[in-house]
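Asker: One-letter residues, chain by chain:
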Amino acid sequence: MPLRLEIVTPEAKTFSEDVDQVVLPGVEGEFGVLPGHEMLFTQITPGELVVIQKDGKHYLAVGEGFVEVGPNHVSVLTDMAIKADDINEVDAENARKRAEEALSQKMTSEESASVQAALQRSLAQLHVKRRRHS
Amino acid sequence: MPNTRDIRRRIKSIKNTAQITKAMQMVAASKMRKAQQLALAGRPYARLMNTTLASCKKGAGQHSHPLLETRPVKKVGILLISTDKGLCGGLNTNLLREAGNCDAATSKFVTVGRKGKAFLARMKRDLVADFEMKEIPTLTYTRKISQFMVDSFLKGEIDQIDVLYTDYISTISQKPTRRQLVPILELKSLQVGVGGSHEETSGKEDEEAEVHGEAEFEPDAGAVLSALLPHYIHFQVYQCYLEAKASEHSARMVAMKNATDNAKQIIKDLTLEYNKVRQAGITNELLEITTAQMAMG
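Residue numbers (the numbering used here), protein chains in the order written: chain A, 1 to 134; chain B, 1 to 297.
Everything hinted at is true.
Dumping the calculated BS3-like pairs for lysine-lysine here, alpha-carbon to alpha-carbon at most 25 Å:
id : chain 1 : residue 1 : chain 2 : residue 2
1  : B       : Lys144    : A       : Lys106
2  : B       : Lys144    : B       : Lys155
3  : B       : Lys108    : B       : Lys155
4  : B       : Lys31     : A       : Lys13
5  : B       : Lys34     : A       : Lys13
Sample of chain A residues with no beta-carbon within 10 Å of chain B, all distances over it, derived:
id : residue
6  : Met1
7  : Asp18
8  : Leu34
9  : Ala84
10 : Asp85
11 : Asn88
12 : Val90
13 : Asp91
14 : Asn94
15 : Arg96
16 : Glu100
17 : Lys106
18 : Leu123
19 : His127
20 : Arg130
Hints are computed from structural coordinates only; laboratory data are not their basis.
Positions of the beta carbon are idealized from the N, C-alpha and C atoms, including for glycine.
All chains, full assembly: derive it from the sequences and hints.
Answerer: Encoded structure:
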């Protein structure tokens, strides 16, 4: 039985394919989903999402979001989803520096939350990219 | 008979107008493409969010959340998304007619866009807040608006949140739409959701949720709901904003295209008229010369 994985961000539908297994960065730790999983709703944190298909593993950097798991589908709603091959390490590194710099300045809680989120996102990208290399 | 100079002057002035409307058409067209892209890109997310929320709500069973509670509706908070500038055909007229139909006694308005604000002030409606219109909306910006609405809902100042905006259907067709956002009730109707008839996956997944009944939540239903629901509202407002923007630019593009076409038609008619008058003049002169010659000869 195939497992349909859909990853959607506000900008685009990033991923919509049948997969064998998917590993998600949940709020309470990583968890894997195989076909026939129980209905489950949970949140994910910025991190690495691993898609396991017949032709091998694919890695994606994802941001914060929500996951709906059903017996034969996984829907991921997140604010960022980038395939490992599409991550630009230099850009991500720059974004991380900018965010860290911005954090050292004074700002309202709202601004700081959005910068924090941006920092988390770029860290997730870097994490995925670097692990692929090592 | 009008003289040629007058006609020439009119042709010139209309040419100028046509040039301006043409330029505005070009600007609107490029903005329109961008806005349409954004609006269409947001739709799959909005749709998936609707289905997720629908099954999530079903799965949560008894678990409730303030944003899901219905109270007797004394005041309705209406978020009116209009435009800042005119010259976009009947867009605002249609939208504001809807706004005018809302019950004045029970409605409180929050506006985005100057046109809506001016209209409500003129109609002496209850206007509680006005937000600036941004050309390219970000979720961070629209979050301020939706947070304001949610806060007043939670404080009990309003008992329902509606959004009144122009739904983008196509370049030539936009529809003023009013949607109830909070309390999140009729998930069936929400599933039809943003953009009208763009249903694809919702039906199937809905049945699935039915079959499997109670779902699991991690860490727990309360935490997931209280994270998902506000996010849902923020995103819906963002999506409505995008739709309204796409509608605005499309309507303006079409309006300006019509204006340019009309101006061109008038120029054509006037040029014909001008040539007729000019030729009549020449014929007259020739007649006079020949008559004079004949008289002399």
